[in-house]
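Novice: For reference, the chains in residue letters:
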Amino acid sequence: MRRLLVLGAGTAGTMAVNKLRPRLPESEWDITIVEQSDTHYYQPGYLLMPFGTYQPKQLVKPTARFIPKGVNLVKGEIDVVKPDENTVTLADGTRLEYDYLVIATGTTPRPDQTPGMAEEEWHRSVHEFYTYEGSKALTEKLKTWPGGRLVVHITEMPVKCPVAPLEFTFLADSFFKKKGIRDKVEITYVTPLPGAFTKPVSAKALGGMLDARSITLEPDFMIESVDNEKKAIVSYDEREIPFDLLVTIPLNMGADYVAKSGLGDELNFVPVNKETFLSKAHDNIFAVGDASDIPASKAGSVAHFAMDLFPDNFVRYVEGKEMTEKFDGHANCFIESGGGKGMLIDFNYETEPLTGKFPFAVVGPMPLLKESRLNHLGKLAFRWIYWNILLRGRYLPIPSHMSMKGKVPAKDA
Amino acid sequence: MPVTTLLDREIHVDDEGFLTVYDEWDEALGAELAKQIGIEMTDEHWSLIRFLREDFKEKGETATTRRVQAAGGVPAKRQFELFPKKPAKKMAYIAGLPKPHGCV
Ligand SMILES: Cc1cc2nc3c(=O)[nH]c(=O)nc-3n(C[C@H](O)[C@H](O)[C@H](O)COP(=O)(O)OP(=O)(O)OC[C@H]3O[C@@H](n4cnc5c(N)ncnc54)[C@H](O)[C@@H]3O)c2cc1C
Numbered sequence: 020m021r022r023l024l025v026l027g028a029g030t031a032g033t034m035a036v037n038k039l040r041p042r043l044p045e046s047e048w049d050i051t052i053v054e055q056s057d058t059h060y061y062q063p064g065y066l067l068m069p070f071g072t073y074q075p076k077q078l079v080k081p082t083a084r085f086i087p088k089g090v091n092l093v094k095g096e097i098d099v100v101k102p103d104e105n106t107v108t109l110a111d112g113t114r115l116e117y118d119y120l121v122i123a124t125g126t127t128p129r130p131d132q133t134p135g136m137a138e139e140e141w142h143r144s145v146h147e148f149y150t151y152e153g154s155k156a157l158t159e160k161l162k163t164w165p166g167g168r169l170v171v172h173i174t175e176m177p178v179k180c181p182v183a184p185l186e187f188t189f190l191a192d193s194f195f196k197k198k199g200i201r202d203k204v205e206i207t208y209v210t211p212l213p214g215a216f217t218k219p220v221s222a223k224a225l226g227g228m229l230d231a232r233s234i235t236l237e238p239d240f241m242i243e244s245v246d247n248e249k250k251a252i253v254s255y256d257e258r259e260i261p262f263d264l265l266v267t268i269p270l271n272m273g274a275d276y277v278a279k280s281g282l283g284d285e286l287n288f289v290p291v292n293k294e295t296f297l298s299k300a301h302d303n304i305f306a307v308g309d310a311s312d313i314p315a316s317k318a319g320s321v322a323h324f325a326m327d328l329f330p331d332n333f334v335r336y337v338e339g340k341e342m343t344e345k346f347d348g349h350a351n352c353f354i355e356s357g358g359g360k361g362m363l364i365d366f367n368y369e370t371e372p373l374t375g376k377f378p379f380a381v382v383g384p385m386p387l388l389k390e391s392r393l394n395h396l397g398k399l400a401f402r403w404i405y406w407n408i409l410l411r412g413r414y415l416p417i418p419s420h421m422s423m424k425g426k427v428p429a430k431d432a
Numbered sequence: 276m277p278v279t280t281l282l283d284r285e286i287h288v289d290d291e292g293f294l295t296v297y298d299e300w301d302e303a304l305g306a307e308l309a310k311q312i313g314i315e316m317t318d319e320h321w322s323l324i325r326f327l328r329e330d331f332k333e334k335g336e337t338a339t340t341r342r343v344q345a346a347g348g349v350p351a352k353r354q355f356e357l358f359p360k361k362p363a364k365k366m367a368y369i370a371g372l373p374k375p376h377g378c379v
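Each protein sequence line maps, in turn, to chains A and B.
Per our numbering, the first sequence runs over residues 20 to 432.
Per our numbering, the second sequence runs over residues 276 to 379.
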């Protein structure tokens, strides 16, 4: 029996076992997946929950429900991988052996990595929405917050779903307008990047949207600490930005066991070949989803496109053949822009986000890089698609490689 | 790809002036690039530039502020003092390396 061990049953790990089980005969392959949580969370919902779009219970389902028959689900916290012995040890001492290992333990926000962030003001005036608990606390906070200086802040790139902080800002603007207190709220968007977004063309479009909403942009801000007494964030070059409510995206890091196992970079992401996800250090270890260091967005959509080719590549690889499918870094995301509208952007390793139309077979073309009501609905529909199609590894009619059909290259837009 | 002339040599650069060919760089050129962006180089500056060069050779990527702190042992605060405002970008420029990515 050959043994495949998958670490983490989040978006990527769950899709991987759903797609691999039918491809690997049960008589030859044992597949095990390890997960610490009984609950699978719909993370994109964390963005919308603070504004009342979702109730907490809509964002959770049992992990086990999405693990297919014929795959062993082991509950536990991974403590260490010993790549030279091909074993994984869990915190309770359980030892698992593997022939092939797929790391899919994602990334989590780490407020403990910035001095002052997770101290007195944590969950009082300092909040985050990248975790279920954090998003719930912020939901409560926003219900009664009377207004003042709202600072939305990114600690350091990469963060998962890199547009989420901007979306949060747009949605906050629209939320306070609806509440009739927008004139009592000053919004500042603080980023370590030189502009509103990582890709220049969308940085321009999205920067214009900040202006139009009277939101101040503070670029090139590398945070050193949070000053709890003054209630201000302080940068290495000694700028201070005072806040009444700070919504920060803490440093995003891969799991600590990755570092302990000697498998990660400074942020505990696993260095892999960006086209095949094979570890650069070990020829029987892959890393998929947010856990890898590929220079693509850390997003469910990227994991999904990657999972269109990873399973077939894996099967070829274990048969000793070449991995013929090459991932191009394809990402697309719906961007909530507030007021019931949204945008859609589409890009990969090489191509800037495009304008034009996205040829979405189910609901018809969606406008790219332009605000529309249809795009907002697309985002809401995504929750259903996530639970019912994506996680179960079913076919979704979006090509994994980026196509230029219906799209206008950025320079002509 | 643009070509520019520095110290009477032809140098390949990208649109923003970052060198694109690792081996076209030497310390004399680094000193010239530093002068262009107004950095006065001390031994401490040079030790950082040398770290970046070595690290790139090994990893194939330009070190970020965080990596220079973790692997190079120079606190981020000090990097900002030595190369004001945008240390990662300025160090990469002087070291003749591509702008660090990590920002997708
Ligand atoms: C606010 C927010 C909004 C987002 N919006 C979007 C969006 O609109 N579109 C989009 O495409 N993506 C979005 N994303 C990103 C998307 O959720 C992630 O990219 C995706 O879930 C990554 O999948 P993954 O499997 O790599 O990691 P995850 O889904 O995070 O799964 C990792 C799993 O590993 C487990 N794990 C970790 N460490 C251990 C350990 N030591 N032992 C055992 N188990 C462990 C965790 O419990 C978890 O279940 C958003 C994310 C956030 C936070």
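Just so you know, these hints were derived from the structure itself, not from any lab.
By construction, the Cβ of each residue, glycine as well, lies at the ideal position given by its N, Cα and C atoms.
Mixed in with the good hints, there may be bad ones.
[Unchecked claim] Among the chain A residues that face chain B by a calculated CB cut under 10 Å, a handful are:
1) 176
2) 213
3) 235
4) 237
5) 241
6) 246
7) 248
8) 259
9) 263
10) 270
[Claimed, not checked] Derived CB-CB ranges, DEER-like:
11) A:21 <-> B:359: 51 to 57 Å
12) B:298 <-> A:212: 26 to 32 Å
13) A:247 <-> B:296: 55 to 61 Å
14) B:298 <-> A:299: 36 to 42 Å
15) A:230 <-> B:295: 55 to 61 Å
16) A:46 <-> B:352: 56 to 62 Å
17) B:313 <-> A:396: 49 to 55 Å
18) B:299 <-> A:293: 42 to 48 Å
19) B:346 <-> A:46: 27 to 33 Å
20) A:163 <-> B:352: 34 to 40 Å
21) B:319 <-> A:20: 29 to 35 Å
[To be verified] Derived PhoX-like pairs (lysine-lysine); straight-line CA-CA distance at most 20 Å:
22) A:299 <-> B:332
23) A:340 <-> A:101
24) B:310 <-> B:364
25) B:310 <-> A:299
26) B:310 <-> B:374
27) A:293 <-> B:334
28) A:101 <-> A:179
29) A:218 <-> B:334
30) B:361 <-> A:218
31) A:223 <-> A:360
32) A:293 <-> B:332
33) A:162 <-> A:218
34) B:310 <-> B:361
35) B:310 <-> B:332
36) A:398 <-> A:179
37) A:293 <-> B:310
38) B:364 <-> B:334
39) A:218 <-> B:374
40) A:293 <-> A:223
Novice: Holds or violated: are the alpha carbons of residue 293 (chain A) and residue 332 (chain B) at most 20 Å from each other?
Specialist: OK: residue 293 (chain A) and residue 332 (chain B) at ~19 Å, within 20 Å.
Novice: Please check whether residue 319 (chain B) and residue 20 (chain A) have a Cβ separation lying inside 29 to 35 Å.
Specialist: violated, 57 Å
Novice: When the nearest CB of chain B is found for residue 237 (chain A), is that gap smaller than 10 Å?
Specialist: This hint is violated: residue 237 (chain A) lies away from chain B, its Cβ roughly 13 Å from the closest one there, beyond 10 Å.
Novice: Please verify that hint: residue 263 (chain A), Cβ, nearest Cβ of chain B, below 10 Å or not.
Specialist: Because about 27 Å separates residue 263 (chain A) from the closest Cβ in chain B, which is outside the 10 Å limit, the hint is violated.
Novice: State, for the Cβ atoms of residue 247 (chain A) and residue 296 (chain B), whether the hinted interval 55 to 61 Å holds or is violated.
Specialist: For residue 247 (chain A) and residue 296 (chain B) the Cβ distance comes to about 48 Å; the hint is violated.
Novice: Can you let me know if the beta-carbon spacing of residue 346 (chain B) and residue 46 (chain A) is within 27 to 33 Å?
Specialist: violated, 47 Å
Novice: Please work out if residue 223 (chain A) and residue 360 (chain A) have their alpha carbons no farther apart than 20 Å.
Specialist: holds, 19 Å
Novice: Would you mind confirming whether the straight-line C-alpha gap from residue 293 (chain A) to residue 223 (chain A) stays at or under 20 Å?
Specialist: violated, 27 Å
Novice: If you check the beta carbons of residue 46 (chain A) and residue 352 (chain B), does the distance land in 56 to 62 Å?
Specialist: Given a distance of about 59 Å, which is inside 56 to 62 Å, the answer is holds.
Novice: Could you say whether the range 49 to 55 Å given as a hint is met by the Cβ separation of residue 313 (chain B) and residue 396 (chain A)?
Specialist: holds, 51 Å
Novice: Interface hint check: residue 246 (chain A), Cβ to nearest Cβ on chain B, cutoff 10 Å. Holds or violated?
Specialist: violated, 15 Å
Novice: Holds or violated: residue 398 (chain A) and residue 179 (chain A), Cα atoms, limit 20 Å.
Specialist: Holds, at about 17 Å.
Of the numbered hints stated above, those contradicted by the structure are hints 3, 4, 6, 7, 8, 9, 13, 14, 15, 18, 19, 21, 23, 25, 28, 29, 33, 35, 37 and 40, listed in ascending order.
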